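Knowing the structure of chain A, use the given hints to seat chains B, C, D, E, F, G and H on it.
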Amino acid sequence: MSTSMSMTKVKVNGAIHEVEAGCTVARLVELLEVSSARVAVERNGEVVPRRRWAEVALDEGDALEVVTFVGGG
Amino acid sequence: MSTSMSMTKVKVNGAIHEVEAGCTVARLVELLEVSSARVAVERNGEVVPRRRWAEVALDEGDALEVVTFVGGG
Amino acid sequence: MSTSMSMTKVKVNGAIHEVEAGCTVARLVELLEVSSARVAVERNGEVVPRRRWAEVALDEGDALEVVTFVGGG
Amino acid sequence: MSTSMSMTKVKVNGAIHEVEAGCTVARLVELLEVSSARVAVERNGEVVPRRRWAEVALDEGDALEVVTFVGGG
Amino acid sequence: MTQSDDFVLAGKRYRSRLIVGTGKYRDLAETREALSRSGAEIVTVALRRVELKPGQPSLLDAIDPQRYALLPNTAGCYTAQEAIRTAHLARELGMTDFLKLEVIGDQRTLFPDNEETLAAAKVLVKEGFTVLPYIGDDPVLARKLEDVGCAAVMPLAAPIGSGLGIRNPHNLRIILETVKVPVIVDAGVGTASDAAVALELGCHAVLMNTGIAGARDPLLMAEAMRDAVIAGRKAFLAGRIPKKLHASASSPESGMIE
Amino acid sequence: MTQSDDFVLAGKRYRSRLIVGTGKYRDLAETREALSRSGAEIVTVALRRVELKPGQPSLLDAIDPQRYALLPNTAGCYTAQEAIRTAHLARELGMTDFLKLEVIGDQRTLFPDNEETLAAAKVLVKEGFTVLPYIGDDPVLARKLEDVGCAAVMPLAAPIGSGLGIRNPHNLRIILETVKVPVIVDAGVGTASDAAVALELGCHAVLMNTGIAGARDPLLMAEAMRDAVIAGRKAFLAGRIPKKLHASASSPESGMIE
Amino acid sequence: MTQSDDFVLAGKRYRSRLIVGTGKYRDLAETREALSRSGAEIVTVALRRVELKPGQPSLLDAIDPQRYALLPNTAGCYTAQEAIRTAHLARELGMTDFLKLEVIGDQRTLFPDNEETLAAAKVLVKEGFTVLPYIGDDPVLARKLEDVGCAAVMPLAAPIGSGLGIRNPHNLRIILETVKVPVIVDAGVGTASDAAVALELGCHAVLMNTGIAGARDPLLMAEAMRDAVIAGRKAFLAGRIPKKLHASASSPESGMIE
Amino acid sequence: MTQSDDFVLAGKRYRSRLIVGTGKYRDLAETREALSRSGAEIVTVALRRVELKPGQPSLLDAIDPQRYALLPNTAGCYTAQEAIRTAHLARELGMTDFLKLEVIGDQRTLFPDNEETLAAAKVLVKEGFTVLPYIGDDPVLARKLEDVGCAAVMPLAAPIGSGLGIRNPHNLRIILETVKVPVIVDAGVGTASDAAVALELGCHAVLMNTGIAGARDPLLMAEAMRDAVIAGRKAFLAGRIPKKLHASASSPESGMIE
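So the sequence lines, in the order shown, correspond to chains A, B, C, D, E, F, G and H. For reference, each letter of the first sequence is one residue, going 39 to 111 in this note's numbering. For reference, each letter of the second sequence is one residue, going 39 to 111 in this note's numbering. For reference, each letter of the third sequence is one residue, going 39 to 111 in this note's numbering. For reference, each letter of the fourth sequence is one residue, going 39 to 111 in this note's numbering. For reference, each letter of the fifth sequence is one residue, going -15 to 242 in this note's numbering. For reference, each letter of the sixth sequence is one residue, going -15 to 242 in this note's numbering. For reference, each letter of the seventh sequence is one residue, going -15 to 242 in this note's numbering. For reference, each letter of the eighth sequence is one residue, going -15 to 242 in this note's numbering.
Source of the hints: derived by calculation from the structure; they are not laboratory data. It cannot be assumed that every hint is accurate.
To be verified - Over the 10 Å line for every Cβ pair with chain B, so calculated as not near, a few chain E residues:
#: 1; residue: Phe(-9)
#: 2; residue: Gly(-5)
#: 3; residue: Thr6
#: 4; residue: Arg32
#: 5; residue: Val109
#: 6; residue: Leu185
#: 7; residue: Leu203
#: 8; residue: Pro236
As the list claims (entries may be wrong) - Restricting the straight-line Cα-Cα distance to at most 25 Å, the calculated cross-link-like pairs of lysine-lysine (DSS-like) are:
#: 9; chain 1: A; residue 1: Lys47; chain 2: G; residue 2: Lys(-4)
#: 10; chain 1: G; residue 1: Lys37; chain 2: F; residue 2: Lys228
#: 11; chain 1: F; residue 1: Lys228; chain 2: F; residue 2: Lys(-4)
#: 12; chain 1: H; residue 1: Lys37; chain 2: E; residue 2: Lys164
#: 13; chain 1: E; residue 1: Lys228; chain 2: H; residue 2: Lys(-4)
#: 14; chain 1: G; residue 1: Lys228; chain 2: F; residue 2: Lys228
#: 15; chain 1: E; residue 1: Lys227; chain 2: H; residue 2: Lys227
#: 16; chain 1: D; residue 1: Lys47; chain 2: F; residue 2: Lys164
To be verified - Here are some, though not all, of the chain E residues that point toward chain B, as calculated from beta-carbon distances under 10 Å:
#: 17; residue: Ser(-12)
#: 18; residue: Val(-8)
#: 19; residue: Gly5
#: 20; residue: Ala30
#: 21; residue: Ser42
#: 22; residue: Leu44
#: 23; residue: Asp48
#: 24; residue: Gly145
#: 25; residue: Leu191
#: 26; residue: Ala233
Every value quoted in this text rests on a predicted model; they were computed, and no experiment measured them. Even for Gly, the Cβ is constructed at its ideal location relative to N, Cα and C.
Isolated chain A (complex conformation):
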């Protein structure tokens, strides 16, 4: 995720990331190199359903949570 003129700053799991302008959720998940089948994504407090990942583009300042299941009781 190199910086350039047409970059968008978003927060992913609390840390700032820069992605190219127009980056979708689907693309973000790909860039994060996480197992896409095993994460869910929330954008600004709302779940982004998996079927809409390809169409939802990120905006400057978006707060994203990318979560998965871990061991718990």
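The following block gives chains B, C, D, E, F, G and H in isolation, referenced to the frame of chain A:
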């Protein structure tokens, strides 16, 4: 509390009583022959403070609760 | 166990029985119609081992206990 | 309790003591400087009653226990 | 135990850590005597419709207001609203801001409705009441009630009148670690040792009614409870010995005769 | 509680049902004060070799013989024979026939050797001792000890000095149903409520030492135990309410405002 | 026990009455094996931020979705709002409406905030979740949660991870009498007998994590818990003998030799 | 749990740690089936006068000698002498040296006469019996019985047939620390969790009769007890988590969404 033309019907502790028109709370307590120092009176869901008993007149259909302390845990 | 001149009185499990004189333990067990493999016999407070049943003759007044296993905890 | 020709060796509470020959229990208790009213004495496994202290003389090799009450539960 | 071991509740000091109810006694004479023997300084009362027959004896004849602080309860209320209404009448009647807030959630067990209790407590504290809420043994709720300004929390030891004693000392301990206001065990005490246990855990006081009034000899039980509360408090302050699986001799292990 | 609720032991009457030991205190002053605050009338003492140094303070300075009955023990004895020998010395020393018979069977737990205890009891009763045996909570043994003439039986609540409290109230109850002599709980009481429980079960008295002497503040704990024993006894006599799973209202269920 | 003794939850039938957590195991292999030995068919999982490092092992590799139903929890949430947000993500991720609703009220004890839990339950049930709330052992709250449509209630036996076992069986019994939905004991089970006790009381299932994962040998403990839950359930169905103070001979009392 | 976790008694190895009695069943068919479901390998039997009526069914028809080791008891004996006489007959009858030595001291509670039991044990061990004595939970007696050569000790958990469960786990623990022979809990188990607790304490086996035979559904209870004993043993071997007053999270405390 005999019935007459100028009587007012009120409910006292769930039972209908007829009192003369213009009867005050103070007068009602007297008529009930309960120890006035040991009761509190609620009229239509609001406490009638003792100092106002003499000035509050009952209206037709008033619901009064006349309560006292009893043994309890 | 009919009574006759040559009878011997013994106590079996607390009740008086008459057996012919010379009756052995083996014969007694047979007369009692109990399963000989499943009883043990005590004579006057001493166990009579099964292998000696055929040779031990009862004496007048002998106290015999004929016991078996029953349900218990 | 200095040593001399006419001394008798006794064991008191597990330790050897030498007393003059003819020493009585009463004299021993005095020598031990313990409160005589607050001890009991056993000689060779038998209690020496207080009233006999003055008459019981110690023999060579006697085992004496001089005991008192202490705190206990 | 010095004089400073008073029980401080809403800024007032009390010598006794036993609060007693006034219900279920045979008559007023027994009530009066039981209160006296219990040593209590705070007594609970319920509020009910006056009986419309002249010459009824009054509970208040049995309770010397110089000797006892009245603690009206809202027993029998099932909603915050009913409890608040009852509280208003009690204040008018008792000339006291003291209130045992009790909002019942289940008729059979008389367990509190903790949600309604909290809602009522918020209102009543704002109205100036000294609110002592009867609650389940829930540390989180206890903290919320403290936060809204209750003067104490009163977790139940067991169902009202059940006599089961301290069912869950662990929760009481956690409540004691959680709040700074006094913790008063309310309901469930069956016998003297139950009361002592509550104080030994560190609870600040005990409230009971049936445990005394329902005993075969209520007057003697009132004394027993008084003594037990004192004993439990002293034991708490005295610092009990730790529990050990094995033994520790109380008589000296040396100096045995041989 | 009328004056007739004395504790009767071997034909003598006592007001107090608390018997205390004299071991493990910091010094004689503390011993004296703890005894006083406990209200005890019977105190146990151990018998040991006198220290052969002049000027030793004596336990007996701390115990007013007019006020306390001495109950010598045979602590530390592991056989009937040792216990009998100790008993003889104790009688000579204490001018008393009272004896707490204690024959230990295991050094680590200080559990009694019940067999040796019974053997010693037989001899000592014949010799005129008033024998109070420290035993396990064994109803059959208790009856045998009663049969041979012991003046009471003293089952342990828990190991000596363990502070574990009444480990097995069922066995104590069965012992109480089994013997007619007094049942004195001996050993294991850790705090005030434990003592109260013993009396509430119907036990006639409690004997303790470490529970008081080992507390952070022994003098205050002595008071706590005194009060707890009184409370437990009163609760026993007063007849506690039965235990119920569900609730029973203490305030009237009728007369609610509507 | 016939085939009809299935555990029915939200309309589905399960053979096992043991629900297990997946936290605190040494590694995924141990997790997988422990789940297998426990016999569980429902397993809880937590939802957390994914670690942004490639190649992380995933819990889901250890859990065969054909074999286990996932029960996501909202552990770590302190408000209704947080829990609802977590629930939404969990549903998206797990393709399941199952939810263990957990709203914590106190960080040190992990006791639930019952008020927030109820608020969250109302919303989530409306949104179509199958809500299984973790709660205190409060019968009134349990009924409210049933009333708003929760599929079960899950009272704690003792604090999460404490291993204290069933602290208050009385309250569990009252909850069982109060609600018709399944009662699942959640949290506090320390060893096999604790799990058995829960089922013997009539609880429908048990949920645990630390009791297994924290044992010295988690795999063996998983088996122990599986067996204990089965044993407890059978004992409940078999109808235990009543408790009696006295004895009842198991061998015949007649026919003795003389 | 490896194959080496056999229960070793008097040099023989058993897979099952549950020993069951054969009394109180409805009929022999029920006896046979209950034994089978319990998984027991050792079963107790009593010895009584044979009924002098031909065609009586025999208990031995219900017990396959290839599958079960017979453990004759001396139930109903009140003296060492009676027990020894019964033992002789049992040996003759059962072709076994196994003996559950039971000398009763009290008819109502069926508590053992520990003194007579010890006297009988001394004789019977010398005569070659494998003596398993039923005793009170007395560690000192247990050690004496081990010393005279008993193959195990069998302390009662509670009175025979009472179903009260493990009344005094402390004493069992101390017995376990005191002797090297197996400790078998005998009598008093009421339900599955009681059996599990015995094994979790470290006891080597459990003997029961009424707990199964007296249940509403004895066959199902036999299974419950089998499973509970296995569960308790595994939990003992697995090493349970320690008890803590406070909580310990089972889900991760980091990685929360924000």
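Now the hints, each set against the structure:
1. Phe(-9): Holds, since 19 Å exceeds 10 Å.
2. Gly(-5): Gly(-5)/E is indeed farther than 10 Å from all Cβ atoms of chain B, at 24 Å.
3. Thr6: Check fails; 4 Å does not lie beyond 10 Å.
4. Arg32: Arg32/E not clear of chain B: closest Cβ-Cβ about 5 Å, inside 10 Å.
5. Val109: The assertion about Val109/E holds, with a minimum of 18 Å to chain B.
6. Leu185: holds, 21 Å
7. Leu203: Label holds. Min Cβ-Cβ 16 Å, cutoff 10 Å.
8. Pro236: holds, 51 Å
9. Lys47/A x Lys(-4)/G: violated, 46 Å
10. Lys37/G x Lys228/F: Roughly 59 Å separates the two Cα atoms, so the pair is violated.
11. Lys228/F x Lys(-4)/F: violated, 40 Å
12. Lys37/H x Lys164/E: violated, 79 Å
13. Lys228/E x Lys(-4)/H: violated, 37 Å
14. Lys228/G x Lys228/F: holds, 17 Å
15. Lys227/E x Lys227/H: Roughly 15 Å between the alpha carbons, so the hint for Lys227/E and Lys227/H holds.
16. Lys47/D x Lys164/F: violated, 52 Å
17. Ser(-12): violated, 30 Å
18. Val(-8): violated, 23 Å
19. Gly5: holds, 3 Å
20. Ala30: Nearest chain B Cβ about 2 Å off; hint holds.
21. Ser42: holds, 5 Å
22. Leu44: holds, 6 Å
23. Asp48: Nearest chain B Cβ about 14 Å off; hint violated.
24. Gly145: holds, 8 Å
25. Leu191: holds, 8 Å
26. Ala233: violated, 47 Å
Of the numbered hints listed earlier, those contradicted by the structure are 3, 4, 9, 10, 11, 12, 13, 16, 17, 18, 23 and 26.
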